[in-house]
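Protein chains in written order, with the numbering used here: chain A, 1 to 374; chain B, 375 to 748.
Don't take each hint at face value.
[Said to hold, decoys possible] Below, computed lysine to aspartate or glutamate pairings styled on DMTMM-like, alpha-carbon distance capped at 25 Å:
#  : chain 1 : residue 1 : chain 2 : residue 2
1  : A       : Lys157    : B       : Glu453
2  : B       : Lys708    : A       : Asp92
3  : B       : Lys709    : A       : Asp92
4  : A       : Lys334    : B       : Glu445
5  : B       : Lys531    : A       : Asp207
6  : A       : Lys335    : B       : Glu474
7  : B       : Lys531    : A       : Glu100
8  : B       : Lys708    : A       : Glu71
9  : B       : Lys709    : A       : Asp199
10 : A       : Lys157    : B       : Glu445
[Claimed, not checked] A short list of chain A residues far from chain B (calculated; beta carbon distances all over 12 Å):
#  : residue
11 : Ile94
12 : Ala122
13 : Asp199
Just so you know, the hints here were simulated from the structure itself, not pulled from any lab data.
Heads up, the beta-carbon is just placed ideally off N, CA and C, and yes, glycines get one too.
There are 2 protein chains.
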Amino acid sequence: MISTIDAQVVNVALGERAYDIVIGRGIIDGAGERVGALGASAAAIVTDDAVGALHCERLAAGLARAGLRVERISVPPGEGSKSYATLARVCDSILAARIERGDIVVALGGGVVGDLAGFAAAIVRRGIRFVQVPTTLLAQVDSSVGGKTGVNSVHGKNLVGAFHQPELVLADTALLDTLPAREIRAGWAETVKYGLIDDPAFFAWCDANWRAVFEGGPERDHAVAVSCRSKAAIVARDERETGDRALLNLGHTFGHALERVVGYDPARLIHGEAVAIGMAQAFRFSSTQGLCPPQDAEAVETHLRAVGLPTRLSEIPGGFGGVDALVDAMAQDKKVVAGALTFILARGVGASFIARGVPVGDIRAFLLAESAKD
Amino acid sequence: MISTIDAQVVNVALGERAYDIVIGRGIIDGAGERVGALGASAAAIVTDDAVGALHCERLAAGLARAGLRVERISVPPGEGSKSYATLARVCDSILAARIERGDIVVALGGGVVGDLAGFAAAIVRRGIRFVQVPTTLLAQVDSSVGGKTGVNSVHGKNLVGAFHQPELVLADTALLDTLPAREIRAGWAETVKYGLIDDPAFFAWCDANWRAVFEGGPERDHAVAVSCRSKAAIVARDERETGDRALLNLGHTFGHALERVVGYDPARLIHGEAVAIGMAQAFRFSSTQGLCPPQDAEAVETHLRAVGLPTRLSEIPGGFGGVDALVDAMAQDKKVVAGALTFILARGVGASFIARGVPVGDIRAFLLAESAKD
Chain A
1 MISTIDAQVV NVALGERAYD IVIGRGIIDG AGERVGALGA SAAAIVTDDA VGALHCERLA
61 AGLARAGLRV ERISVPPGEG SKSYATLARV CDSILAARIE RGDIVVALGG GVVGDLAGFA
121 AAIVRRGIRF VQVPTTLLAQ VDSSVGGKTG VNSVHGKNLV GAFHQPELVL ADTALLDTLP
181 AREIRAGWAE TVKYGLIDDP AFFAWCDANW RAVFEGGPER DHAVAVSCRS KAAIVARDER
241 ETGDRALLNL GHTFGHALER VVGYDPARLI HGEAVAIGMA QAFRFSSTQG LCPPQDAEAV
301 ETHLRAVGLP TRLSEIPGGF GGVDALVDAM AQDKKVVAGA LTFILARGVG ASFIARGVPV
361 GDIRAFLLAE SAKD
Chain B
375 MISTIDAQVV NVALGERAYD IVIGRGIIDG AGERVGALGA SAAAIVTDDA VGALHCERLA
435 AGLARAGLRV ERISVPPGEG SKSYATLARV CDSILAARIE RGDIVVALGG GVVGDLAGFA
495 AAIVRRGIRF VQVPTTLLAQ VDSSVGGKTG VNSVHGKNLV GAFHQPELVL ADTALLDTLP
555 AREIRAGWAE TVKYGLIDDP AFFAWCDANW RAVFEGGPER DHAVAVSCRS KAAIVARDER
615 ETGDRALLNL GHTFGHALER VVGYDPARLI HGEAVAIGMA QAFRFSSTQG LCPPQDAEAV
675 ETHLRAVGLP TRLSEIPGGF GGVDALVDAM AQDKKVVAGA LTFILARGVG ASFIARGVPV
735 GDIRAFLLAE SAKD
């Protein structure tokens, strides 16, 4: 019996790979029934040492009550676990646990655990079934939806991986209660992004309700559900990112470059913070190019500041190494074709678009002006 | 312009993942035109040090003439390269060579290189285009067709991998001229297998023509083409091995167990030799169970012996460690359900079928009788 806790369900319409995202406070306690209903006989929970200490016992107990044989695999917390070596260890642990193709790998954690465990599930026995239990706001609104999995290479982040859709995502919004405020803010950058892409009403709602979301009111479930629905719609249109899915990269070309120039040092900048600066820059750049009204760029910046997110290069502790380093980092992240890059730009709040052929020279001039102004 | 060398083309009908296998003597010299026609701007050739010394220069020169930027990545020869560590090195080398998703990874080698390079192509940037240039008979008739790629785990062979179909397979049968006789024989076991599965006329042809195939006559091209067509038809019906594709495992449950008990020592047994013993055993077991006429089991054994392949446990140098070890190895390779295994058995030459629920006790009794007789 599925427990009667209020839950919202978002379906990701991917044909034979379609799946549900279930969102609500306390739904982890119904994980046994929901995962058990998938018909596997065993589950391997992959988590990290920090998240596992908080939530693994509860999840494992629920799965066991539903009659599943439960195995646990834990990795050190942090981006360092998205490595070839940890991937190999997780794959071997899944095999040692005698998890078969019809069994299930459950990722319990944030984006790192989801990407790592999802990739392992994609390749062990050429594909094992997979369930996500995201424990950060960022993972609930972004990384657990859409099937991108992978690890990092010395040549860059997420450069080795697979598309592997989960069969179920359980986003228990109560798990976010133990999250540090900085992590909530970082996840918020990816939440408000859906408003900025194509939903101005959701941006207005975010601006009015972000405090309630942070505090854990029912608004939190709404924010997660709207975000998942928005991402699900884009992914359903373009699973393999040959078109529209690129819109989800709003703020990410600037953002990835910033993460790279600070050496992926989480003390200086975490992903959501880099995306916040990147989105503010994408709107300011769009405004300086005459594409977007200046008041829309200001509205974006004002909101992000109110939340406590950075929006300017000058806010990066220790600096960003100069405009040349930033432009070089962008060129390493994205393919430069004939001196131009593809960016996500905006004609206004909720009116983002894929801009191909943005001259690198224009970006450089914009960044020089930004860094002089700051 | 595609060169005018006589070539046979087998299409693998996998919808949007359909591709051609081009078979003929000397077709590697037309690789530039054929790979160039795929529209990539760069190619990374992945090979091993032994095969690379023989054939890489010629392939690279052809690709370069077709205007492709060519990078070379080489790994040590042998099964040891199907490891996590070598996979990581190949992935990083592909990234270092700035191969993009629209570019091409070319696997030049036998099954090890094909499985390794194909898996790297499957996961770098979540999927790069892929071309196979198989250089062994085994790879030309079996491992380069069907999209299975992967590496080995301490828990078993090929347990980590992906389905990743090539866009083109170039089977140059002249490359087999430099192959040791033992390798040709081993590949022959997988060739004649297609006759034993469902094509008695091809088995008869194999029995009449194997010498000409080994010597490199036009019969060689025919044998490769029939084998590829046969595997392609099965793969097209069942890409992910949920049904009929299991027929391709004829001889492989016994064979894998034999490889395991000799510690995968190629001095004692290579894959095709293990499959030869396994096919002979599958037919003898079918005969003792009253499923298959004894003369069909004898015909299989007579043919394999004539070719110079082993058919009996007693032919394994150093022995096989006893029946219990063999049965244990089978249980580790395949899932034992209620004391029974799935085997490919036969009602006669060209009449193989998937037999579910074969009691492990019957297999043990058969193996005890075989080892007493030998």
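Okay, the hints, checked on the actual structure:
Pair hint A:Lys157 plus B:Glu453 does not hold up; C-alpha atoms about 30 Å apart against a cutoff of 25 Å. The suggested pairing of B:Lys708 with A:Asp92 holds, with an alpha-carbon distance near 17 Å, which does not exceed 25 Å. About 18 Å separates the Cα atoms of B:Lys709 and A:Asp92, which keeps this hinted pair within 25 Å; it holds. At roughly 21 Å between alpha-carbon atoms, A:Lys334 and B:Glu445 fall within 25 Å of each other, so this suggested pair holds.
Among the hinted pairs, B:Lys531 with A:Asp207 is inconsistent with the structure: their alpha-carbon atoms are about 54 Å apart, more than 25 Å. For the hint pairing A:Lys335 with B:Glu474, the CA-to-CA distance comes to about 9 Å; that is within 25 Å, so the pair holds. The straight-line distance between the Cα atoms of B:Lys531 and A:Glu100 is roughly 15 Å, inside the 25 Å bound, and the hint therefore holds. Straight-line distance between C-alpha atoms of B:Lys708 and A:Glu71 comes to about 21 Å, which keeps the hinted pair within the 25 Å bound.
The straight-line distance between the Cα atoms of B:Lys709 and A:Asp199 is roughly 50 Å, outside the 25 Å bound, and the hint therefore fails. A distance of roughly 23 Å separates the Cα atoms of A:Lys157 and B:Glu445; the hinted pair therefore holds under the 25 Å criterion. The Cβ of A:Ile94 sits about 9 Å from the closest Cβ of chain B, inside the 12 Å cut-off, so the non-interface label is violated. Taking the minimum C-beta to C-beta distance to chain B, about 7 Å, the non-interface status of A:Ala122 is violated against the 12 Å cut.
Every CB of chain B is more than 12 Å from the CB of A:Asp199 (nearest about 27 Å), matching its label as outside the interface.
Violated hints, listed in ascending order, are 1, 5, 9, 11 and 12; each of the other numbered hints is respected by the structure.
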